[in-house]
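Number of protein chains: 2
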Amino acid sequence: MPKYKVIAQKLIQKINSDDMKQGDKLASIEELMKYFNVGKNTIIQVLTVLERQGYIYQVRGSGNFVRKHRRHGYINIMETSGLRNNLQGFNLDTKMLDLKVIKPTTEVMANLNIDEDEEVYYVRRLRSIEGRKFSVEESYYLKDVVPYLNQDIVEDSIFNYLVNDLKIKPGFTDQFLRVSKLNEADAKLLNLKAGDPTIFLESIFHLENGRAYDYSKVLYHYEETQFFIQGTGTMNL
Amino acid sequence: MPKYKVIAQKLIQKINSDDMKQGDKLASIEELMKYFNVGKNTIIQVLTVLERQGYIYQVRGSGNFVRKHRRHGYINIMETSGLRNNLQGFNLDTKMLDLKVIKPTTEVMANLNIDEDEEVYYVRRLRSIEGRKFSVEESYYLKDVVPYLNQDIVEDSIFNYLVNDLKIKPGFTDQFLRVSKLNEADAKLLNLKAGDPTIFLESIFHLENGRAYDYSKVLYHYEETQFFIQGTGTMNL
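So the sequences go chain by chain: A and B.
When you line the first sequence up against my numbering, it's residues 30 to 266, in that order.
When you line the second sequence up against my numbering, it's residues 30 to 266, in that order.
Calculated from the structure, these hints are not laboratory results.
Owing to the predicted nature of the structure, the values given are computational and were not obtained by experimental measurement.
Among the clues, some could well be false.
Where chains are identical, the list cannot tell them apart; a pair therefore holds if satisfied intra-copy or between any two copies.
[Claimed, not checked] For lysine-lysine, the following BS3-like pairs were computed, each having C-alpha atoms within a straight-line distance of at most 27 Å:
#1 K222 with K210
#2 K246 with K210
#3 K32 with K217
#4 K124 with K50
#5 K162 with K210
#6 K198 with K246
#7 K124 with K69
#8 K132 with K97
#9 K54 with K124
#10 K54 with K172
#11 K43 with K54
#12 K196 with K172
#13 K210 with K196
#14 K198 with K50
#15 K43 with K97
#16 K43 with K32
#17 K43 with K217
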């Protein structure tokens, strides 16, 4: 792991600890250089990562300060490294409902920007948190990028498999959120009634090179789901 | 306006035009330097802004490429410069329901991180898009930061007033989203029924120096509202 990531993770642990609160001042760049025994460029890279991820904010001429904004149980919608990584500390269970290779539908072709000849993996999963039904997920993975999936992978963390085993480099993500109403089948899976509201989240995940490789549609249990959305707000036009 | 902002706005206009699509390559840094007659640092600043705002993505060793991800009518939840700036091209109407200076409630004290002696402006507004009821908004502004508000300001754009007249420098924003159910009074305002679902969005806006100055609670008409959430995804840990 590159040096800046190791240092960033150490600082995040420190910030997450109970003795730091919003507005607390971070050590100066010079102090951090000395403490971690690295150069100025590495520390600046670390601080840029921490700011982008919403752990700190920079005040020109004053220094860097802690952000403590999370609310317990809220899902960070900008954290696209998978639900398992997002909800650490919670008891998460994933059940595979379907897994097969298919030809893309018109909707999938449009969202992944592919033509009808490209095959995709179709995955359908039911997820529970602390034993309570939480979400029904449908995902379409480009088979050209994700050549193999099985039940073990799908019921653990697909994201970790893609990054650690397939060495995929995730890039940017587009997400679309609205409230919809559940049909009979999905409602039954979530222990709700047909017509009950649901948060419907569509996500398009891209590789670092800009190619879309995963289109997901998730129905969230409206009573179990809360999202946290952080904006860095810096350099607004 | 600083040079980099002027150039960024010109490039955004270009990207928004119909003849650019997702994946189209941008001119190189050298070409942009020559075209706009500025130095390398300015162009790099411009590209950083465009990437953060989701207009482009950078591929190491290959260049910069256009992102075209927006869906018509979706609100960009990361764009915190006010609904009026967010929904340009739509017919937006804002009606003031209440405006007064009050002592903060416990909830407001917690979210703005203030004590009971600090006064706040309380604003309640009903917003319509294209003649259809859209949202009921309650906002609490720190009177120390926003010393004056009136009906004209509140029914136009509070954000523009803060930035252009009060010269406030907005910083980062924390937002919390969940589905809730409407009570009788709010349902009536939105032409819905009590118990109907609503997207409940809480936002805490901070100044550049990290001080919270605005806590807002918005109830959105669930059939009229769709959010777009963009992730840059770069430098994930």
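Within, between, both or neither: K196, K172 at alpha-carbon 27 Å: Within one copy, since 15 Å is at most 27 Å while 52 Å is not.
Copy assignment of K124 with K69, given that the CA separation must stay at most 27 Å: neither (47 Å within a copy, 52 Å between copies)
Same-copy or cross-copy closeness of K43 to K217 [CA-CA at most 27 Å]: Intra 43 Å, inter 48 Å, cutoff 27 Å: neither.
Up to 27 Å CA-CA - K54 versus K43, copy category: So K43 and K54 pass the 27 Å test inside one copy only (12 Å; across, 41 Å).
K43 and K32: within-copy, between-copy, both or neither at 27 Å Cα: The answer is within: 17 Å in one copy meets 27 Å, while 38 Å across copies does not.
Intra/inter-copy verdict for K246 and K210 if alpha-carbon distance must be at most 27 Å: Answer is both: 14 Å inside a copy and 23 Å across each meet the 27 Å cutoff.
K124 and K50: within-copy, between-copy, both or neither at 27 Å Cα: Close neither inside one copy (38 Å) nor across copies (38 Å); limit 27 Å.
Status of K246 relative to K198 across identical chains (alpha carbons, at most 27 Å): within (21 Å within a copy, 37 Å between copies)
27 Å Cα threshold - placement of K196 relative to K210: Classified as neither; 37 Å inside a copy, 43 Å across copies.
Status of K124 relative to K54 across identical chains (alpha carbons, at most 27 Å): Intra 44 Å, inter 41 Å, cutoff 27 Å: neither.
K43 and K97: within-copy, between-copy, both or neither at 27 Å Cα: within (12 Å within a copy, 38 Å between copies)
Alpha-carbon proximity between K132 and K97, which holds within one copy, between copies, both or neither at 27 Å: Intra 45 Å, inter 25 Å, cutoff 27 Å: inter-copy only.
The earlier numbered hints that this structure contradicts are 3, 4, 7, 9, 13, 17.
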